[in-house]
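Novice: Listed below are the residues making up each chain.
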Amino acid sequence: MNIKQKILDTIKEKQLTPIPAWKFLTRTYGLWVLSSLLLILGSVGVATMVFIFTKNDWDIYNELHESKMIHIVSTLPYLWLAIFLLMLVLLYIDIRHTKRGYKYTSLPLFFAALGTSILLGFCLHVIGVGQKIDTLITQGVPGQAHIFNPRLKGLSHPEKGILTGRVAIIESMSSTTTRVYIENPLLEGTWIVIVKPTTILPPTGIHLQDRIRALGEEMEDNEIEEHQFFAQVILPFNTLSIDPRWKKHNKQSSIPPLIQMYED
Amino acid sequence: MTDYSDQTDESLALLSATDHDAFGALVGRYEQKLYRYVRRITDVNHEECEDILQETFLKSYRYLHNFDPSLSFSSWMYRIAHNETISHFRKRSVRPKIIREEDGNTYLQNVAADLDITADIDRETLQRQIQDVLDSLGPKYKDVLILRYLEEKSYQEISDILKIPVKTVGTRINRAKKQLRHIIAGHDMNIRS
Numbered sequence: 033m034n035i036k037q038k039i040l041d042t043i044k045e046k047q048l049t050p051i052p053a054w055k056f057l058t059r060t061y062g063l064w065v066l067s068s069l070l071l072i073l074g075s076v077g078v079a080t081m082v083f084i085f086t087k088n089d090w091d092i093y094n095e096l097h098e099s100k101m102i103h104i105v106s107t108l109p110y111l112w113l114a115i116f117l118l119m120l121v122l123l124y125i126d127i128r129h130t131k132r133g134y135k136y137t138s139l140p141l142f143f144a145a146l147g148t149s150i151l152l153g154f155c156l157h158v159i160g161v162g163q164k165i166d167t168l169i170t171q172g173v174p175g176q177a178h179i180f181n182p183r184l185k186g187l188s189h190p191e192k193g194i195l196t197g198r199v200a201i202i203e204s205m206s207s208t209t210t211r212v213y214i215e216n217p218l219l220e221g222t223w224i225v226i227v228k229p230t231t232i233l234p235p236t237g238i239h240l241q242d243r244i245r246a247l248g249e250e251m252e253d254n255e256i257e258e259h260q261f262f263a264q265v266i267l268p269f270n271t272l273s274i275d276p277r278w279k280k281h282n283k284q285s286s287i288p289p290l291i292q293m294y295e296d
Numbered sequence: 059m060t061d062y063s064d065q066t067d068e069s070l071a072l073l074s075a076t077d078h079d080a081f082g083a084l085v086g087r088y089e090q091k092l093y094r095y096v097r098r099i100t101d102v103n104h105e106e107c108e109d110i111l112q113e114t115f116l117k118s119y120r121y122l123h124n125f126d127p128s129l130s131f132s133s134w135m136y137r138i139a140h141n142e143t144i145s146h147f148r149k150r151s152v153r154p155k156i157i158r159e160e161d162g163n164t165y166l167q168n169v170a171a172d173l174d175i176t177a178d179i180d181r182e183t184l185q186r187q188i189q190d191v192l193d194s195l196g197p198k199y200k201d202v203l204i205l206r207y208l209e210e211k212s213y214q215e216i217s218d219i220l221k222i223p224v225k226t227v228g229t230r231i232n233r234a235k236k237q238l239r240h241i242i243a244g245h246d247m248n249i250r251s
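Order-wise, the sequence lines are chains P and F. Counting in our numbering, the first sequence runs from 33 upward without gaps. Counting in our numbering, the second sequence runs from 59 upward without gaps.
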């Protein structure tokens, strides 16, 4: 057997040279950069999911759904969950293809990737990344934002007494009636929230460009084109705590009317 | 002609990028070992085996800068030889079903030592039965067993060659050993606990 001479002759004849080191380094570092990107993307998904979950209308969930469990299942951000799982799987595959990735058994590696994504995701949520992403999507693609945040669709059912939107115009009709025009890309036509002295308002009032939630009932008026919604309660869009006046209202006790509205 | 006998494989690998003689010395060191290994995991004839070996060494030359110093050079060479052999198989869709006769005794001795068999063995019968077990286990178990009992590689080396976790190496060997114990128990032999 004289393979050695054959090989050396082949190297000489074909003028073979070793592949440059930088090509291997590019692949090595490229895999790690990709892994880092996937980790960050997955963590951004976690941060956004955590944000959406914390602002998930816990103050009025029983107005929206029959039970807390149904509320949770109906408003889970499934798309973000799918994105997160996809990133996680890709991250796992990517790490497996690194030089030393084979040394780790599957389950511990997968759970390490999962744990790191979740931990980083919570950190990103704390610094407001989740909220930022949610806002970007809501402003950037308002017509499709509900796909990322199912909550928006759940709050857009005026026929069921719940309405959400961004305040576009505030029009004082009389001393007792104010019309608040809102924009909601999920609903057709123009929507006007009617505010009366009995309407419970947010403590800081309503301003232009505020996002609000309104509980009340849809008013049918065939004489006008716009849709009207009489608001019994107007709440800020994102609130964690239940307004004590809303609690009282819910128990149908009498509350002195409180009107605080500001126009720019 | 430079004498490379006092150089380690790893230092020769470093020199090989610019010194063909150094690479020749490496080929000389691994030629026989890898030839034996390739023949153990294939049923190819001598010429085909040489072809696989040539591809292995040429690939190792082209990928010299990809050698990971945290591995032993031996493991790296075996890994390339293994992968080239698998590529060759994929073209032929055939893998061997027998342990070669010349390897039979070595294999049996090493397996017997590992299982602590004390009694005399009807070697021919036992070897056939062991071969049946191996065939039923599939190629991924055979690869591990050949590296362990014929090439006498450590678990870490097998892990580096086959690119599987050390734990998986252990699992596959243990599973094969369990089945082998079952056969050996059927021969009424003593197995030291």
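Some hints could be false.
No more than 27 Å apart at the CA atoms, straight line, and that leaves these computed lysine-lysine pairs for BS3-like [as the list claims (entries may be wrong)]:
| # | chain 1 | residue 1 | chain 2 | residue 2 |
| --- | --- | --- | --- | --- |
| 1 | F | K236 | P | K131 |
| 2 | F | K117 | P | K44 |
| 3 | F | K149 | P | K46 |
| 4 | P | K135 | F | K200 |
| 5 | F | K235 | P | K55 |
| 6 | F | K117 | P | K131 |
Everything labelled a hint here was simulated from the structure, so no lab data went into it.
Novice: Determine for every hint whether it applies to the structure shown.
Specialist: Right, here's what the structure says about each hint:
no., hint, result
1, K236(F) <-> K131(P), "violated, 32 Å"
2, K117(F) <-> K44(P), "holds, 15 Å"
3, K149(F) <-> K46(P), "holds, 25 Å"
4, K135(P) <-> K200(F), "holds, 20 Å"
5, K235(F) <-> K55(P), "violated, 42 Å"
6, K117(F) <-> K131(P), "holds, 18 Å"
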